[in-house]
Each structure stands twice: as C-alpha cells, then as structure tokens.
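Undergrad: Sequence:
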Amino acid sequence: MDPSTSTRTKTTKTLNKPTYCCFFCALKEPDTNRRRASLSAFFRDMPNHDNDSHVLVASSIWSMAMADPTDVELPSLGALECMTRLISKSLSNPSWLKLHQNIYIPYYAAHIIGSYTIRVPSLATVALESGVVGPLVSLMQGRISWVEQRVAVRALGHLASYDSTFPAIAQHGKELIPLAMSTASTCIDIVFKQFVCIKSQKREKYHRDLLTRGLGGAEREDRKAEEWASQIQCWSLYLLSCFASKDANSHALMVENFDFLKELCHMWGGLMNGDSPAGIGLMRLLCKSSIGREGIARNREVIDCLCHLARSCDDWQYMGIDCLLLLLDDPETRPYTLELVAPYLVDLAEIGNLGARKNLGESITKILLKDYKTRSLIPGSETENALKSLWEIKVERKKKEATMSADEISMREELAFRKKKEGKERYAKGNVEGAVVAYTEALSICPLRNSKERMVLYSNRAQCYLLLSESDRAISDATRALALARPVNWHGKSLWCRSQAYDMKRMAKESLMDCLMFATNCFESKEGRQRRDKVPYYVARMISKQMHAANLFAHRKLQHNTREGEDGYYGDDYDDDDDGDDGSDGDTDGDTL
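Heads up, the sequence shown is in the UniProt record's numbering, so the first residue is 1 and it goes up one at a time.
Think of the hints as simulated: they come from the structure by calculation, not from any bench.
Take these hints with a grain of salt, some might be off.
The calculated lysine-lysine pairs, modelled on DSSO-like cross-linking and capped at a C-alpha distance of 27 Å, are [what the hints assert, rightly or not]:
1) K262 to K557
2) K400 to K366
3) K388 to K400
4) K366 to K288
5) K370 to K358
6) K262 to K545
7) K421 to K400
8) K388 to K399
9) K452 to K424
10) K452 to K366
Could you build the full structure based on these sequences and the hints that come with them?
TA: Structure (structure tokens):
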C-alpha cells in the first residue's frame, strides 16, 4: 500500500471519530456554514460510536440548554434526535451503559430534551418529530432508575403543555395518565427505599454525583434527594394537569382511582417546590368538570384536606377555597359537601381580598346561604349552628346596625371595649373560662364596622381556647381574626396561636405555614418596615420541629427507626397581650395592629 494512502486512511478514521475536541472545535468554528455542517455530522454519528468523551459532550450540551433554552441552533442541527437515539440505545443495550461513563448519558439526554422544550413550541415540535415520546415513557416507567424518571417526566410535561404538541402526547393518554398517577403516588417511597435509607457508601455512585457532584456527604445528599423526589411528584402532577386542562375526558380516569384522590390531597409540593401548586392545582382543574366534582365530593378525606387548606395561610389557600365553592355551587355535589364544608368556610365569611380575588368573603357568604331558608339541616348540628350564626351576622345584624344612629353605634363600641377589658382582667387572674365569656359578649355587641376591634377579640378568645386545649375552637377563632386582618392573614398573634393549635392536632404542614408567616410578621410590618433582627427562639424551635415533621421522608424514617419525634411545644413563653400584634415592636397599649 502506498504510504500516502495509509496516512490518508488513518487521517480519515481520526476525523470521522467523534471526540470531545471535535465537538468543541466545531462550536468555535468561525465560519457559520462549516460550524453547522460539523455539528450536524457529529450529532448524526455520535450514537453510532462508543467513546469515553460522550458523557462530557452530553453534560456540556445540557449546560448550554439550561443556560439558554431558546437557542435553536443545536436542536435544529439534530441534537434532540441524537439524544433520543442515545436514550433508545441505553434502553435496548444495557451493557452499553456499563462502558466508560455511559450510565450518565440517559439522564443528560432526557434533561437536554426537557430544557430545550421548556419555552419554545417549535422546539417541542422538533422533539416530537425526533421520536422522543416512546423513549421518555420508558424512562418514566423506571426502566433505568428514579433519577432518569425525574427528567423524563419533566420533558413529557413540557411537550404536553403546548396546544401544538399536546395532541401527539394525548395519543398516549391511556398509558401516560395511569403512569403519571402511579409515579406521583410512589416516587417518594421509591427514592427513600432506593437511595435515602441506604448507607452512603453503598448508594449508586452516579446518583450521588448527579445529586451533589460527590460533595457534602450523606446529609446534603438526603436534602437533595428530598428535593428531587418532590420534583418527580410535582412534575408528574403537572403532566396530569396538562391532560386535565386540555382534555375533559381525562378527568374520569383520575377520579375513578379513589386511592389516588386521597393521596393527591396530601401532595402539597412543600418547601422544596414552593412555586408548584402540586395536588391542589390538579384538584381545582378536576373541580371544573361535573365528573371531577362528583368524584371529589364523595371522598371525605379529600374534602377535609380542602377545608384545612382553605383555612390556612398557604400560598394556595385561594385554590382550596375555589374548589370548595365549585363543589357547593353545583346542585349535584352540594348535598354531599355542605355538611362538611360549612363549619370551615363560615370562618372565612369576612375575608377581604385574597390575591386577585376581590371581596372573597361575600362570595363565600352568598354560596353558603343561597338555600339557607329552604334546605333542611339537622337541628343542633355543627353545620346548622354555623349557618345560623352566619345568617345572624351577615344578614340580620347587618340590617339592624344599618338603622342604628351614630350615638347608638358609639355606645355599643364603648360597651364592647369594657367587656374586652373585663375579659383581659379575668385572663390575667387565671379565669380563662370567664375570659371566654367576656370576649364572647364583647363580640356580640361590637359593631360589624369595627373590624379591627373584632379581630382582636377573636384573637384573644382563640388564645383562651388554646390554653383550655380546645384546639378546634382556637383554630376557628384565629382564622376569623386572620380573615378580618388587612392584609388578610397579616396578624402575628393569631398566626402564632393557630400554629400552636395545629401543633396540638399534629397537623405539621399547617402549623409550619402559620409559623413561617408569623416569622415574616416578626421581621417586618405590613407596611414593609423592619421590626426584628432575628427570629425569636420559640419561633425557630417550632419551625425546626414542623420542618422535621413535614419532611417528605419523615414517615418513612420513623418506620425505619432512623429518627424519633419531638415532644409537643405550645409556646409557654409567648406573652398574652391582646394587642393584635406579636409583641415584637414594643407597643404596650394593648390594641394596635
């Protein structure tokens, strides 16, 4: 053979072999046409070769996709098709994953697809044309591990979010909907069993590397694993929400699974994914169809969770209220829900504006009372008493006070003030039951227009109920005080009281939300002025306790005897000033916001 021919052959083989340098050299090529041609050839050839630099290329493309998901150059040159082929190769040839560092490639490949389809509909179309759905569904099924499952469901959610690409995803609905429901229900257990409860040294190395890049030890890995488990759940629910919002027929598949609905109401996203409405977001979509409302209305546990959310300061409180109002407004589901919902919603009848919802309390009152005079209720029941008190306050008392003279209103205000003072004196002497009586009398006298004074009275009575260990009544009164606050939920003492009451009932999530809002209230006033430099000790202690209890893996860890719960704490060092404040700004007049 001619030596020159041998040299040309070796050179040709070297040029055709895709390497780390080839990819980055192509990126740096100043000539646009040559750069695009080189990158296109690289993506076309990459799945056909085994090379130890592939993982570096994949991780670099992922970084580029994350940094600028709207850059269409690499996807237009075949990057998405290349990633699809790499995922298919990993699924069809498991032994390939054992070569070099190929085990990382399916994760990066699915993440690249998800990143490039997050904002640009045309790139989602490119991905579909590349045949990504089948390989992503296989990853979502857990064909490799939960790590790849996480990025696969993320990518599928993005593809399902666009009107232009949803029909292609909907063709797989009978497979994807049950799969997403199963993933949302089981992912927490899977991550715990396959990673968290395993000793650090025996965990999958590539999982540890992807989670923390091998830095920080087991504690940091556990925190990251909790975050990723929450993301798997939230992204599975997002995929289901895409179906629920675009295809009403999908509601039947979701609500017929009674166990899934019960689990759904406990999927709250958590502190790890605070911007995701998680379970409540999907539940509100289901409540917009008659079949969805019917399924939810017949599930007592779901209704209870919606009621607790509606009476919380969670960011998604308004969604819980929306769901309950939709259920009550439907003649078919109202009979199932009114008895359960009324005692909770009555506490919110005087709520003001909540986000974009104006005069929400009036909407609640209107729906609760729309058939009050014609509907038969069990005499003496909690529901009958709640609606009766609502009618008396919002209808009869409102009309009565509208006809009163200014002098009569002033006289009632003065009398209510005296009763409040009497209640405070009784409380100081340890006569808590007597204080309850005095505050109740003050509330029956105090004019409705004096919302600030009534807020303080409800808050004071809630504190009395807390000391009497009547946690349900304490929660009810604290909620009424927070509904009267302006802005809504911005009343430190009521938040702290309700947080402790929820703690008594072992409702960790609700207690945590109130405690976090109370901590914010400690730091700044409603006008935004700074009030404290640090969180009070008793608040930090409660937050720590409830974060531990609300941890995604808390129940699993208890089952594995890896951690023990703390004793209850009810804030004995919190003062009793009935000042409508948290005591953090030094006010001593007893009646300021």
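Undergrad: State the violated hints by number, sorted upward, taking the hints as numbered earlier in the document.
TA: Checked against the structure, no hint fails, so every one of them is satisfied.
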